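A.B. asks: The primary structure of each chain is shown beneath.
Protein chains: 2
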Amino acid sequence: MATINDNYLKLPGSYLFAEIARRVAAFKEANPEADIIRLGIGDVTQPLPPACIEAMHKAVDELANADTFRGYGPEQGYSFLTDAIIEHNYKARGIDIASDEIFISDGSKSDCGNIQEIFGTDNHVAITDPVYPVYLDTNVMAGRTGTLQEDGHFEGVTYLPCDASNDFAPALPKERVDMIYLCCPNNPTGTTLSRAELKKWVDYAHENESVILFDAAYVYEIEGAKDVAIEFRSFSKTAGFTGTRCGYTIIPKTVKGRAADGSLVEFNKLWNRRHTTKFNGTAYIVQRGAAAIYTEEGQKQVKETIAYYMENARIIREGLQAAGIKAYGGVNAPYIWLKTPDNMPSWDFFDKLLTEVHIVGTPGAGFGPCGEGYFRLTAFGNRENTVRAVERIKNQLHI
Amino acid sequence: MATINDNYLKLPGSYLFAEIARRVAAFKEANPEADIIRLGIGDVTQPLPPACIEAMHKAVDELANADTFRGYGPEQGYSFLTDAIIEHNYKARGIDIASDEIFISDGSKSDCGNIQEIFGTDNHVAITDPVYPVYLDTNVMAGRTGTLQEDGHFEGVTYLPCDASNDFAPALPKERVDMIYLCCPNNPTGTTLSRAELKKWVDYAHENESVILFDAAYVYEIEGAKDVAIEFRSFSKTAGFTGTRCGYTIIPKTVKGRAADGSLVEFNKLWNRRHTTKFNGTAYIVQRGAAAIYTEEGQKQVKETIAYYMENARIIREGLQAAGIKAYGGVNAPYIWLKTPDNMPSWDFFDKLLTEVHIVGTPGAGFGPCGEGYFRLTAFGNRENTVRAVERIKNQLHI
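Protein chains in written order, with our numbering: chain A, 2 to 400; chain B, 2 to 400.
Extracted from the complex, chain A is given alone in its bound form (with noise of 0.2 Å):
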């Protein structure tokens, strides 16, 4: 009989979002008339810059003229969109990105997840904790851990504790991995590393021959990361692309690994073999719309929606302070990560959050063990809701 692969029942049944979709829906059903906001998710709410509408309508009408027509595009993206992006996020900083160092994709999430596809089964990951599901989830799918134990880890991955015991930033670890994935602004603890931080990374990369896959921005203005980072982006929280999919995922040729008979090999041309075998581009549409972005129109627009989304994030972060809660992060990110009053169980605070104010947030344990006793909070709900939100846990939360 056919098998399955059976790396799948290691991991618990639902992915964390479904779950906490599931339980919202069932509140819902039992309560209708709650008025519910929700900060839980990271979903934007801000509505696309208008330079993009205005871009993916001109798309669109190509699209119904034979003259003006687009079937497939490139698997790596266009240039119009490519080209904007070496040249805005890369070389105006000093960076040299060539055009087939980077791959457009529809999302970071998927480029996260499909990576490690090209690397061999035999490495060892590390992750920090807590972490976004994503980059453990994939890796206990492809093989590369053993069994879910006891403590909430999986055997064979390790995992780098952030807590407020060490402002939230990994120390390196004791064993040697391959493969790094590390968040910069994280998800879910909403702070940052310095560049001090990273530079350590990148070195203990070198090091050890090992890869960082790095999710966000910058690594590469460290000195020495191109030889050791691939990099993701979206265009998600920055221009509210959630639901409109756009991402890209940037890997120098100088980013390589070692083959069973010890030969070198580039990264780059393995996943350029995965991207055009098992993708065929993102939407033309999309495409046009995330190239208006970088339009003078388009990063005014931008920064107008980030200053929004920040704004969202201080109101948070000192509400919950004047709650005489502890809160983390929302300064140079959109996530807020807060202390449990008593050190609540973090699906416990989910379920409290929700029945006595109706909010959503994420329970930290979701995210990985020493997420327990956290819960975060996202700023990209809109400015009224964030505000009574805050004024509902202020006021209304018995803590």
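No lab work stands behind these hints, which were simulated from the structure alone. Keep in mind that the hints are not guaranteed to be accurate.
Since copy identity is lost for identical chains, a pair holds within one copy or between any two.
Dumping the calculated DSS-like pairs for lysine-lysine here, alpha-carbon to alpha-carbon at most 30 Å [stated by the list, open to error]:
(1) Lys-59 <-> Lys-304
(2) Lys-92 <-> Lys-353
(3) Lys-11 <-> Lys-254
(4) Lys-29 <-> Lys-395
Note that the structure is a prediction, hence the values are computed from the model and not measured.
Following the hints, position chain B against chain A.
C.D. replies: Here is chain B on its own, set in the frame of chain A:
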């Protein structure tokens, strides 16, 4: 040092269509004046149906306004699209598909490529020869094959030869196989399998507890197919979505595989876990466009486009025959599969066609050793170019 996935090194350097693009680009650079007609990659040329255009404009406008903005959608797709598909493509044919048995994606290529992840690596794979390269290449990457042999076959794979001698209908394999890729109407041969032929495969899968991975349409009309088949479908060719990207996969809950402990596991559950962990849904705009295909106008417009391409197919088929070239397919499928004159190697015929009459097709050998001596042309060009291409073949090609 971090190791690579060595299975990638078993593959030839570039994906078939990337190699074609490379050769065409080189020719174009050397002959900038050449008026190249592309009947190679299977890309469509006709604009999107007006119903889709209208729906997508409306969707773009929704994203421009905070009140109607859409962020993350369900990873499995919006119900406005899944309901329409189930209603029109299944229920109307008496086939019962539940709403949690359908998964919207960014296209069939992704799904056909990713589906093998939920199977054990010990499964024995059967593919037709010639075949759409994605089925084979993704299994090579996953380690389900040995190395490439001198005869052009990968060790450990069961190839099902399809050529003129068996009317392009594969015979059942002599050895047991677990995963069977079938494509109907067939790409590249443009031929179809009769209900009786399909039934033979469904019965085989029942007897051998195999799973059929069926790329196209209507396998569930065959009795018993819902227990043994996963179906992939796409809007690319019917509605011109090659650059807009939308497809879907049907995994009935009755399709099961064996776990290491002997228990039976639904592939549906595993795919749901994969889809929610590694994918974040198809762009909202695109899903709205796809749903518009199922309106009355949308259906009418799609039928017109299909009729247009089918007329192209007839022109190519009859033109080739008039030129003394033996041609197959092109009746219920948009692909024409021709026998190269004097059994010329198919890459030689590719170069001959490109340099002599500036037409791009696809060499049969690119689809597998049994495709050697054959060549694929597609009916997706516009009418004028299709007619001109056929005239060039009839009047200017030296055969």
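A.B. asks: The structure should be examined with respect to each hint, and the outcome stated for every one.
C.D. replies: Consistency of the hints with the structure:
For the homomeric pair Lys-59 and Lys-304, the shortest alpha-carbon distances inside one copy (23 Å) and between copies (26 Å) are both at most 30 Å. Within a single copy, Lys-92 and Lys-353 get their C-alpha atoms no closer than 48 Å, and across copies no closer than 43 Å, so neither meets the 30 Å cut-off. Taking the closest pair of Cα atoms, Lys-11 and Lys-254 come within 30 Å of each other only across two copies (20 Å); inside a single copy the shortest separation is 34 Å, beyond that limit. In the homo-oligomer, the alpha carbons of Lys-29 and Lys-395 lie at most 30 Å apart inside one protomer (23 Å), although the nearest pairing across protomers, at 68 Å, exceeds that limit.
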